[in-house]
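Visitor: First to last, the sequence lines map onto chains E and Z. For the first sequence, the numbering used here begins at 19 and goes up steadily by one. For the second sequence, the numbering used here begins at 62 and goes up steadily by one.
A couple of the hints might just be wrong.
[Unchecked claim] Here's a subset of chain E near chain Z, in silico, CB distances under 7 Å, partners left out:
1) I71
2) A74
3) L81
Keep in mind the hints are simulated off the structure, nothing from the lab. All figures in this text were calculated on a predicted structure; none of them were measured in a lab. We put the CB at the ideal spot given by N, CA and C, even for glycine.
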Amino acid sequence: MTPSAFAYMAAGLGAALAVIGAGFGIGKLATGALEAMGRQPEMAGGIRATMIIAAALIEGLALFALVICIILSGK
Amino acid sequence: MKVLLVFLSLVAVLLSGGTARADEHETPKTADSITATTPATGEASAHETHEAHEAKGYREREEEHENDIRNHDTISMQKVIGHVLEHIADDYELHLLGAKVPLPIMFRDNFGFHFFPSIDALESSKEYIFKSGEEVEAEQKASQFIRVWRFKRVDGQPMGSSFFGDFSFTANLFFMAFASIIIVILASIAGSRAKKSLVPKGTQNLVESLVVYVRDEIITPNVHGKWADKTTPYFLTVFFFILVMNLVGLVPLTKTATSAIPVTLALALCTFVVTQIAGIMAMGLGEYLKHFSGGILEMDLPIFMKIMLTAIMLPIEFIGLFTKPFALMIRLFANMTAGHIVIGSFIGLAIFFQSYAVGFGVSVPFALFIFILELLVAFIQAYVFTTLSAVFIGMMAHEPHHEEEHGSEPAAAH
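Working from the sequences, and respecting the hints, build out all of it.
Guide: Here is the structure:
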């Protein structure tokens, strides 16, 4: 296997791992937010806004990882 | 169970499309192999075609490239994906249903400032020529994603940096300007109506509901005190600019300006500058510099501990200064690009399999579904960018008596 083959493999595996982590994180976030909304429906608006911000931050971390994968796949 | 059924039918459709294609092209393939039986001449002719390829002009190469995707025998997934990525990338002209609208090319290289009204004018100047797609790709790979020139000098002399040199009015820039014009028209109509009567009607209703939403849901909860009113124009501008650019990009034949890194970089830089200026103005320069210690200096600690901890916190806070706008940039870019690549890939499936079954069974419904998702994403990303900007600016532009909250706030900024 050539070094670039390893780079492609690392990029693929890295992207998969990053997405697994982010998916787990956003899943937990949504669970928490939905439970909170179910308990206190009057707070739904505020919870939704906070949830979107937190989801965006988690997504940002996953995107950082994906950028590294894209750079690796360009090697 | 339902998911499994859908999956199975999908696979069946894909397979039927694939086999149909294989049957269709049984004959041309054998014809190909017959012509390629004489290896020596085949190699020589390949070399010749490469030479001829280099000598061709931009238009001829482009036509050849476009016909390549229509040719059943030479099609491959890689080529389809290549075409999808090309469609998303920036261009020096607008492609509107066959008609090509030229845009001016302006650049400054080692040989001074140059202006050409179109690609053809640049080609016929006998001074510069466009590089072939493979050449640009190879150079881009070698330069580690730093932008390279799309054209070169005929005499082969180096042109200098393209990052600051090439400021052509490209397609992305065109649609950015288009978005700004839409915003200016909408805002001036709504503004002049609002002066006459405060009861919203028509356009004023549309704009006012969004403005009130941004003020009440994004700015007021995050930015406190007098800074809310001071920064409102900035947030409204950013929100509407990103929203309209995202929505314009969803109209067929247009390009999404926000799916280009330079655009999102500029937007994130604006937020960065506003954040720092608001921080300095709200806290004063001394307090602003103090906050780089991450609140260590206000703690009740021995002086030695303070110095040691500040030495640790300083680089962390300093890097944190740049990761926030960097994350804003990447988030907007990646979200807007990803949706378009997915839509393009679904359309590309029909082209790859050369089958109506795949086209109507997979491409159209899935592309439509992603398109509707993209409409949602266009709003969410404008909202997220504005909200995060508001959170960052609100963190910096707090009143002095809110100082004790500072310790807990960086958690929101990852």
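Visitor: Checked against the structure, which of the hints given earlier come out wrong?
Guide: none
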